[in-house]
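Chemist: Read off the chains here:
Number of protein chains: 2
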Amino acid sequence: MWIDGTATTLLEKIHQQVLSAELVEEYLAWIAQTEPIVQAWEYLDPDHVRHQAKQIDNQYAIDRIKRPLQGIPIAIKDIFATTDMPTSWGTPIQAGKWFNVDATVVSRLRQAGAILFGKTVTTEYATAKAGKTKNPHQPQHSPGGSSSGSAAAVAAGMVPLAIGSQTMGSVIRPAAYCGVIGFKPSFGLIPRTGAMSASRELDHVGCFARSIADIDLLCSVLAGPDECDPDCIDRWNTTQFTQPTDSDRPNKFISIRTPFWNQIEPEYQGRFMQCISQLQAEGLSVEAIELPAAFEQFQHHATVLMATGLAFHHGADYDRYSDQFSPKLAQLIEQGRSFSALDYAAARQAAIDYNAFLTHLLTDDTAILTPATTGTAPFGLENTGSPLFCALWTFCGLPAISLPIGKASNGLPLAIQMVSRRMGDRQLLHQAKRAMQVLNQHWGTIEIASILP
Amino acid sequence: MWIDGTATTLLEKIHQQVLSAELVEEYLAWIAQTEPIVQAWEYLDPDHVRHQAKQIDNQYAIDRIKRPLQGIPIAIKDIFATTDMPTSWGTPIQAGKWFNVDATVVSRLRQAGAILFGKTVTTEYATAKAGKTKNPHQPQHSPGGSSSGSAAAVAAGMVPLAIGSQTMGSVIRPAAYCGVIGFKPSFGLIPRTGAMSASRELDHVGCFARSIADIDLLCSVLAGPDECDPDCIDRWNTTQFTQPTDSDRPNKFISIRTPFWNQIEPEYQGRFMQCISQLQAEGLSVEAIELPAAFEQFQHHATVLMATGLAFHHGADYDRYSDQFSPKLAQLIEQGRSFSALDYAAARQAAIDYNAFLTHLLTDDTAILTPATTGTAPFGLENTGSPLFCALWTFCGLPAISLPIGKASNGLPLAIQMVSRRMGDRQLLHQAKRAMQVLNQHWGTIEIASILP
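Chains as they are written, first to last, in the numbering used here: chain A, 1 to 453; chain B, 1 to 453.
Treat the hints as calculated values from the structure; they're not laboratory data.
Be aware that a few hints might be false.
Any copy will do: because identical chains look the same in the list, a pair fits if it lies in one copy or spans two.
[As the list claims (entries may be wrong)] Below, simulated SDA-like cross-link-like pairs (lysine to any residue); rule was C-alpha separation at most 25 Å, straight line:
id: 1; residue 1: K97; residue 2: I352
id: 2; residue 1: K97; residue 2: Q349
id: 3; residue 1: K66; residue 2: A356
id: 4; residue 1: K13; residue 2: Q140
id: 5; residue 1: K252; residue 2: R110
id: 6; residue 1: K13; residue 2: L28
id: 7; residue 1: K13; residue 2: Y43
id: 8; residue 1: K97; residue 2: G380
id: 9; residue 1: K129; residue 2: Q331
id: 10; residue 1: K66; residue 2: E282
id: 11; residue 1: K66; residue 2: E382
id: 12; residue 1: K252; residue 2: A29
id: 13; residue 1: K252; residue 2: E227
id: 14; residue 1: K13; residue 2: I37
id: 15; residue 1: K328; residue 2: P92
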């Protein structure tokens with residue numbers, strides 16, 4: 001029963017009378033049942049979870065301070081440094097590292113009273129070879145990557161909240177495949193200090209939940225300036241998420257099918273267009289537009305930034321342990337080493353140019369509706385899917401959210417992606433909430449995957 | 001008499017009774033006398049100046065709104081786009097361009113009621129070959145570059161205020177050579193939209209004045225977020241400069257002689273050390289430290305960013321008109337084309353690493369005291385001097401100010417540089433004011449150069 005709850009509903013109970021020590025037992029029991037199938041965790045020590053819960057209960061008994069995530073179970077993608085759990089970055093080369101400083105987001109979660117259940121499976125260096133995690137809806141299918149375990153853990157009800165990261169499509173895509181909400185805020189809103197780096201320009205912290213209120217709650221804890229992340233200085237007004245929403249603002253949408261529309265599974269194409277019609281039928285304004293041709297270069301530019309970043313940050317590992325690199329990652333590193341400084345400068349400029357166009361398009365809090373993926377989760381675990389529909393928004397640093405829109409005929413979740421102007425995160429969540437009210441009527445609310453046989 | 005005034009003192013008069021139409025005549029007359037010697041201007045049309053003054057007077061007669069720079073003459077480095085004056089970037093290749101949108105800073109100056117006197121001489125693409133401008137203190141010497149005309153115009157009393165730009169040392173150095181105050185704020189505080197780009201990571205807008213109050217006044221107009229400069233989004237609290245200063249804060253200083261101390265002229269070495277002693281004698285705390293060895297790589301990293309930026313932004317000009325490029329600039333462009341994306345990523349990372357060290361050093365609003373130049377302005381106009389003592393702070397994006405400390409035995413100005421923590425601009429101005437109170441007792445206040453024979 002508790003497992004069904006969102007963080008927001010759990011928090012009410014915890015702040016009233018329920019002890020988190022009791023709550024975590026429920027979750028641990030459920031994880032014990034489901035983990036053999038889902039394989040979401042890279043590291044989870046039940047005793048350490050119990051220890052945290054006891055500490056939080058004791059603290060609350062003394063100070064009666066209602067912390068914003070008090071007693072709430074959360075999963076941490078295994079690229080964030082933790083002082084009390086090992087960190088492995090999805091590679092045997094770095095497996096089992098112990099950091100002596102928490103990642104900034106980890107530290108903020110602890111201060112907010114969250115219970116860090118464990119570290120979730122990531123693909124190799126959050127980039128390439130898939131981990132062991134299975135899609136909770138159909139274990140023969142991929143959960144998506146790279147935040148595979150975080151998305152699957154939330155979808156399976158093992159935790160109400162999880163944090164992940166997105167360099168191309170690593171939050172939006174697994175969220176879509178697993179049928180949960182995935183949110184990648186504006187570039188610079190959540191500090192990356194202590195997270196494994198793939199690309200300074202593209203790396204974003206993101207989060208997973210089963211309600212927009214939970215996303216809101218989690219972001220209000222995670223966001224805020226950090227002197228150690230130079231791209232996160234002064235960017236953030238921490239009251240952004242917690243201010244009352246301005247419900248008088250119009251809900252204006254733009255649908256963008258992108259130049260890759262024909263790479264989408266026909267059933268998903270149909271569902272996407274149905275969603276547009278459903279929103280319009282409720283009186284919401286949805287205008288279709290096409291992106292200028294210049295946008296077609298974004299894949300090249302994003303690859304320059306990502307491959308160079310990987311070569312820069314992980315080239316030393318590659319030189320020493322290339323036999324333990326997947327061919328895909330090895331190729332990216334070689335590619336990163338081949339790019340020129342001018343390629344790099346051009347990529348950074350392209351993000352400015354794209355944003356100049358998008359800023360005009362997204363005034364007045366208009367939100368983009370666009371596909372999240374090419375379709376449902378791929379069969380087999382090797383292929384974690386394509387980031388084709390996510391990478392442009394990551395490249396531009398815009399806030400993006402993946403919203404479930406029911407299942408396809410194969411029983412796997414489908415999702416629609418919403419994108420907003422830079423720093424328009426709060427309004428995006430507001431718009432997403434409005435859209436979900438409409439779409440849920442047709443496609444149902446988010447439910448925990450039926451994992452157990 | 002008016003020519004002696006600072007913007008702050010002039011503003012009082014203008015807001016009381018003086019018409020800017022009268023004021024500009026005084027300035028135009030003075031410019032007519034001094035410009036044949038100083039050669040600060042690339043473009044100056046007296047009638048256009050009079051026209052602006054008339055408009056501002058008329059507007060004030062109607063609305064009685066006291067604008068923050070109402071009627072104040074200002075010079076604009078000729079790399080900022082202006083719709084009513086040509087822009088040439090210091091090169092015949094781009095000479096006489098007319099833009100149809102003002103640079104953001106130009107637009108803010110107009111809105112603030114400033115009178116844009118004209119465009120001042122810059123070195124070639126704000127980088128290489130010197131322009132025609134002479135040092136107002138001794139016309140056989142360089143005014144420094146690249147903001148040559150802006151610094152010289154303020155030093156000569158042709159205007160109380162000027163804007164320039166700094167990619168390596170192009171504000172601090174000419175300010176030091178010309179005996180005026182030059183201020184380069186924190187990276188991201190003043191938008192660069194509409195300014196010629198040399199390097200996205202290094203380009204800063206800066207300003208020149210003859211009092212710290214004027215620098216404060218000018219920055220309060222120039223600073224503020226700009227959607228079109230992605231490095232300037234949300235960085236700025238516009239009340240920063242205009243808030244009352246917190247005079248209770250301690251004035252703590254650190255002196256850094258840098259690894260290049262032995263490249264400094266002995267007389268300037270002595271003056272620098274005297275200034276330290278004078279501050280200490282007044283009870284101010286000055287502690288000497290040395291930078292870690294890793295900082296010695298900054299020149300390489302800064303060169304990667306600058307040369308790549310120049311190649312990226314101006315490579316097309318170079319390919320078409322290489323015969324009109326100076327050998328120095330041609331070499332920089334070739335060099336920029338030779339760097340790898342990994343060089344670029346490493347340079348960006350170095351700025352993070354250096355800042356991690358400096359952030360700890362500069363807590364509690366400590367300010368660095370460090371040389372501004374290698375000595376007084378070089379003889380001859382070809383050599384605009386070395387940016388050796390400026391480029392590190394530019395590279396790190398820290399606010400830096402050049403403060404005159406009298407003249408050397410050769411009659412040319414000397415200066416000390418103060419640097420503060422990132423975004424500590426306001427406190428830096430506060431500290432600079434305190435230091436100037438002490439140093440002025442020994443070296444005199446800033447006076448207009450005695451140009452006329």
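Chemist: Confirm or reject each hint.
Modeler: Structure-based check of each hint:
1. When the C-alpha separation of K97 and I352 is checked against a cutoff of 25 Å, the pair qualifies only between copies, where the shortest distance is 23 Å, while the shortest distance within a copy is 37 Å.
2. Only between protomers do K97 and Q349 lie at most 25 Å apart by alpha-carbon distance; the minimum there is 23 Å, versus 36 Å within a single protomer.
3. In this homomeric assembly, K66 and A356 never come within 25 Å of each other (Cα to Cα): the closest approach is 43 Å inside a single copy and 34 Å across copies.
4. When the C-alpha separation of K13 and Q140 is checked against a cutoff of 25 Å, the pair qualifies neither within a copy, at 36 Å, nor between copies, at 80 Å.
5. For the identical chains of this complex, K252 and R110 are neighbours neither inside a copy (37 Å) nor across copies (35 Å), given an alpha-carbon limit of 25 Å.
6. Taking the shortest Cα distances, K13 and L28 sit within 25 Å of each other inside one copy (18 Å), while across copies they are farther apart (75 Å).
7. When the C-alpha separation of K13 and Y43 is checked against a cutoff of 25 Å, the pair qualifies neither within a copy, at 28 Å, nor between copies, at 71 Å.
8. In this homomeric assembly, K97 and G380 never come within 25 Å of each other (Cα to Cα): the closest approach is 29 Å inside a single copy and 60 Å across copies.
9. Taking the shortest Cα distances, K129 and Q331 sit within 25 Å of each other inside one copy (12 Å), while across copies they are farther apart (43 Å).
10. For the homomeric pair K66 and E282, neither the shortest alpha-carbon distance inside one copy (39 Å) nor that between copies (50 Å) is at most 25 Å.
11. Taking the shortest Cα distances, K66 and E382 never come within 25 Å of each other, neither inside one copy (43 Å) nor across copies (68 Å).
12. Taking the shortest alpha-carbon separations for K252 and A29, neither the intra-copy value of 44 Å nor the inter-copy value of 57 Å comes in at or below 25 Å.
13. In the homo-oligomer, the alpha carbons of K252 and E227 lie at most 25 Å apart only across protomers (21 Å), although the nearest pairing inside one protomer, at 36 Å, exceeds that limit.
14. In this homomeric assembly, K13 and I37 never come within 25 Å of each other (Cα to Cα): the closest approach is 30 Å inside a single copy and 80 Å across copies.
15. When the C-alpha separation of K328 and P92 is checked against a cutoff of 25 Å, the pair qualifies only within one copy, where the shortest distance is 16 Å, while the shortest distance between copies is 49 Å.
Of the hints listed earlier, those the structure fails to meet are numbers 3, 4, 5, 7, 8, 10, 11, 12 and 14, in rising order.
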